[in-house]
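Peer 1: Residues per chain are reported as follows:
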Amino acid sequence: AQTIHQWPVAEIKAVGSPLSLGCTIKGKSSPNLYWYWQATGGTLQQLFYSITVGQVESVVQLNLSASRPKDDQFILSTEKLLLSHSGFYLCAWSGHLNQDTQYFGPGTRLLVL
Amino acid sequence: GEQVEQRPPHLSVREGDSAVITCTYTDPNSYYFFWYKQEPGASLQLLMKVFSSTEINEGQGFTVLLNKKDKRLSLNLTAAHPGDSAAYFCAVSVNSNNRIFFGDGTQLVVKP
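Order-wise, the sequence lines are chains A and B. For what it's worth, our numbering labels the leading residue of the first sequence as 1, then goes sequentially. For what it's worth, our numbering labels the leading residue of the second sequence as 1, then goes sequentially.
These are calculated hints, taken from the structure and not from any lab test. C-beta: ideal position from N, C-alpha, C; glycine also. One should not assume that every hint holds.
Mimicking SDA-like on lysine to any residue, the simulated pairs with C-alpha atoms at most 20 Å apart in a straight line are [as the list claims (entries may be wrong)]:
id : chain 1 : residue 1 : chain 2 : residue 2
1  : A       : 28        : B       : 69
2  : B       : 69        : B       : 37
3  : B       : 37        : A       : 42
4  : B       : 49        : A       : 7
5  : B       : 37        : B       : 81
6  : B       : 37        : A       : 22
One-sided and incomplete, this derived list gives chain A residues near chain B with beta-carbon spacing under 10 Å [stated by the list, open to error]:
id : residue
7  : 14
8  : 18
9  : 36
10 : 38
11 : 42
12 : 53
13 : 57
14 : 61
15 : 86
16 : 88
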């Protein structure tokens with residue numbers, strides 16, 4: 001069975017500080033990986049997706065970047081946090097077929113002060 | 001591109017009542033449809049995936065209807081109970097799982 005793990009669980013960070021959020025998938029070879037941001041109030045915004053190691057496509061950047069250093073790892077980062085970065089960050093995975101479902105990780109809650 | 005509109009944003013029902021959440025989409029090439037449930041403070045959990053070929057989909061305690069002519073997807077929770085209180089999101093895929101388009105969500109409260 002596949003498991004998806006995100007770290008950290010929650011963070012409180014200062015405006016202007018750097019950020020790195022991680023996501024790891026176990027039990028699935030070569031998954032598609034995705035980053036989403038959920039604002040307080042609930043709307044979901046897809047940020048990035050990756051279909052293979054080293055390749056990341058941006059959907060909406062929001063002054064964030066993403067990287068896929070390993071097959072099972074997806075990293076979301078920024079050098080300088082903004083207040084608007086606060087929210088809930090969700091990683092998801094899927095298979096490669098068009099009909100494959102996206103399954104979500106437990107999420108990281110970020111508060112920028 | 002695809003646009004997904006979800007209604008209502010908030011819904012409050014009594015235990016035992018039904019609750020209906022509806023999404024409309026714009027792209028006639030939309031092929032896969034999803035309903036996710038998000039309990040407070042938690043992540044999204046898949047409720048059901050629907051293919052465009054199936055109009056009526058039965059789940060445990062709910063039914064998902066797809067009307068391709070009207071481009072409408074609905075989630076009908078029959079006999080809702082307090083454990084159904086959560087945010088519900090529809091999502092639509094236009095023949096590519098790299099981009100799925102989410103509705104803005106419905107916050108459902110089921111009162112005892």
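Peer 1: All hints, please: hold or fail.
Peer 2: Hints and how they fare:
| no. | hint | verdict |
| --- | --- | --- |
| 1 | 28/A x 69/B | 37 Å, violated |
| 2 | 69/B x 37/B | 26 Å, violated |
| 3 | 37/B x 42/A | 12 Å, holds |
| 4 | 49/B x 7/A | 28 Å, violated |
| 5 | 37/B x 81/B | 14 Å, holds |
| 6 | 37/B x 22/A | 23 Å, violated |
| 7 | 14 | 24 Å, violated |
| 8 | 18 | 25 Å, violated |
| 9 | 36 | 8 Å, holds |
| 10 | 38 | 9 Å, holds |
| 11 | 42 | 4 Å, holds |
| 12 | 53 | 16 Å, violated |
| 13 | 57 | 7 Å, holds |
| 14 | 61 | 15 Å, violated |
| 15 | 86 | 15 Å, violated |
| 16 | 88 | 8 Å, holds |
The structure fails hints 1, 2, 4, 6, 7, 8, 12, 14, 15 (numbered hints given earlier, in ascending order).
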